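K.L.:
Start from chain E and add chain R according to the hints.
In the order they appear, the protein sequences are chains E and R. Here the numbering used here is used: the first residue of the first sequence is 1, the next is one more, and so on. Here the numbering used here is used: the first residue of the second sequence is 1, the next is one more, and so on.
With beta-carbon atoms standing in for the labels, derived distance ranges:
#: 1; chain 1: R; residue 1: R39; chain 2: E; residue 2: A140; range: 33 to 39 Å
#: 2; chain 1: E; residue 1: E201; chain 2: R; residue 2: R60; range: 54 to 60 Å
#: 3; chain 1: R; residue 1: S20; chain 2: E; residue 2: R178; range: 55 to 61 Å
#: 4; chain 1: R; residue 1: R57; chain 2: E; residue 2: E299; range: 52 to 58 Å
#: 5; chain 1: E; residue 1: G83; chain 2: R; residue 2: S20; range: 34 to 40 Å
#: 6; chain 1: E; residue 1: K182; chain 2: R; residue 2: S20; range: 46 to 52 Å
#: 7; chain 1: R; residue 1: R60; chain 2: E; residue 2: K182; range: 52 to 58 Å
Among chain R residues calculated to face chain E with C-beta under 7 Å, some are:
#: 8; residue: D46
#: 9; residue: Q48
#: 10; residue: A52
No more than 25 Å apart at the CA atoms, straight line, and that leaves these computed lysine to any residue pairs for SDA-like:
#: 11; chain 1: E; residue 1: K92; chain 2: R; residue 2: R39
#: 12; chain 1: E; residue 1: K92; chain 2: R; residue 2: G49
#: 13; chain 1: E; residue 1: K92; chain 2: R; residue 2: L40
#: 14; chain 1: E; residue 1: K92; chain 2: R; residue 2: L10
#: 15; chain 1: E; residue 1: K149; chain 2: R; residue 2: F51
These are calculated hints, taken from the structure and not from any lab test. Just so it is clear, the structure is predicted and the values come from calculations on it, not from any experiment. Heads up, the beta-carbon is just placed ideally off N, CA and C, and yes, glycines get one too.
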Amino acid sequence: MSDRLLVASRKGLIDYRRKGAGRWEIARTSFLGSPVSQTLKDPRDGTLYAALDLGHFGVKLHRSSDDGATWEEIAAPSYEGIGEGEDAPSLKLIWAIETGGPDEPGVLWAGTIPGGLFRSEDKGSTWTLNRPLWDEPARAAWFGGGYDKPGVHSVCVDPRDSKVVTIGVSIGGVWETRDGGKSWAVGGKGLWAAYMPPGEEGKPGNQDIHRLVRCAAAPDVLWIQHHNAAFRSAAGFDAFKEIKPQPSVFGFPVACHPSDPLTAWFTPAVKDEFRYPVDQRMVVSRTCDGGKSFEVLREGLPQEGSFDLIYRHGLVVDETGERLAMASTTGNLWISENGGDAWSEISGHLPPVYAVRWA
Amino acid sequence: MPRIAFTRHLEAVGPCEPCSYAGATVAELIEATARDYPRLKGYVLDDQGRFAQAHRRFCRRRHDPAREGAWPGGG
Numbered sequence: 001m002s003d004r005l006l007v008a009s010r011k012g013l014i015d016y017r018r019k020g021a022g023r024w025e026i027a028r029t030s031f032l033g034s035p036v037s038q039t040l041k042d043p044r045d046g047t048l049y050a051a052l053d054l055g056h057f058g059v060k061l062h063r064s065s066d067d068g069a070t071w072e073e074i075a076a077p078s079y080e081g082i083g084e085g086e087d088a089p090s091l092k093l094i095w096a097i098e099t100g101g102p103d104e105p106g107v108l109w110a111g112t113i114p115g116g117l118f119r120s121e122d123k124g125s126t127w128t129l130n131r132p133l134w135d136e137p138a139r140a141a142w143f144g145g146g147y148d149k150p151g152v153h154s155v156c157v158d159p160r161d162s163k164v165v166t167i168g169v170s171i172g173g174v175w176e177t178r179d180g181g182k183s184w185a186v187g188g189k190g191l192w193a194a195y196m197p198p199g200e201e202g203k204p205g206n207q208d209i210h211r212l213v214r215c216a217a218a219p220d221v222l223w224i225q226h227h228n229a230a231f232r233s234a235a236g237f238d239a240f241k242e243i244k245p246q247p248s249v250f251g252f253p254v255a256c257h258p259s260d261p262l263t264a265w266f267t268p269a270v271k272d273e274f275r276y277p278v279d280q281r282m283v284v285s286r287t288c289d290g291g292k293s294f295e296v297l298r299e300g301l302p303q304e305g306s307f308d309l310i311y312r313h314g315l316v317v318d319e320t321g322e323r324l325a326m327a328s329t330t331g332n333l334w335i336s337e338n339g340g341d342a343w344s345e346i347s348g349h350l351p352p353v354y355a356v357r358w359a
Numbered sequence: 001m002p003r004i005a006f007t008r009h010l011e012a013v014g015p016c017e018p019c020s021y022a023g024a025t026v027a028e029l030i031e032a033t034a035r036d037y038p039r040l041k042g043y044v045l046d047d048q049g050r051f052a053q054a055h056r057r058f059c060r061r062r063h064d065p066a067r068e069g070a071w072p073g074g075g
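Pulled out of the complex, with its shape left as it was, chain E reads as follows:
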């Protein structure tokens, strides 16, 4: 069970450690004052990674080999040499950092805005744009959701086969490679897009995937929080069925139980551009039967006047499925140590949080 939580926030990377039941304290804040968009602890070797979004000064990537005591700036994924002229792409955000498989030491994947997927073979020292995906003709139809450009925010490596990688794109659908990135196919059968004109709703590339996660113990089970609905597949990336978290189907993150393929958590909100908890009562919606039904969990969460929105990487479950962490754009951090039945507020005054990761 994880006793350490990394919080990537608007004002730094905050390292929380558990001191007792419901009691967590800040052990260290790295990059104090700087926006950290994503973070990762590589379970294979303990290396820490932090992606920074320094605005006019660009996107940066840092690595720590001493558990966060010191950091070195390493190469960020780059679009140098890609495209021509004023419209040539440049890196706007590192939205996802994930490890390769256990048989691929040193391999990392990075999902980015404006839509490129990058791979490193050397722990982030160098990066290579995956050209088969970038050059895929259907990628031209991808478009920006909340950002001006599309982005890869979810990268799910199949634990059975490291060459199988499934990604979620906003806005661009669900894509998968089965040969380590040499070729890609679009999936997402069953997804639909309410914001598209008639006749366009079901097209795979029009799907605004907010978050895609894979059940570690049952890797054919995938869960999606989409812009206008939630979905689950028990048969891989091209066989989704709609499910209905309560009290709203809109939200950004989804977390799935690592060993129970029927259990997942969502954070419902009022839809589209409003994005606050329904009735301003913060809740988590949990299913334990594959989406047939949902419980609304609210113990320990604010039940009036809440403006909390959980971003797509702001909800995470640990390797036991019992400990969850959730943090909002309003700077509130909660942890549950019983699968979401009850939540403890760990902080009510953080900066906006972009991502949380167990470490």
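P.N.:
Just chain R now, with coordinates in the frame of chain E:
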């Protein structure tokens, strides 16, 4: 030889006091400076080598009284 300096916001990656480097254009000056400050380019240029729209470059030309009569008309 021209001199170049960067905002104090970049003191971790480049010179904030004027330093002399060879270059006929701003781009050449940055290239030359970056040989001594390898992280600099990643903070002032994007990965296509373009300046961010918000960046401002201020160029001052030293006045040479000997050339006053032949001062060029343009900036």
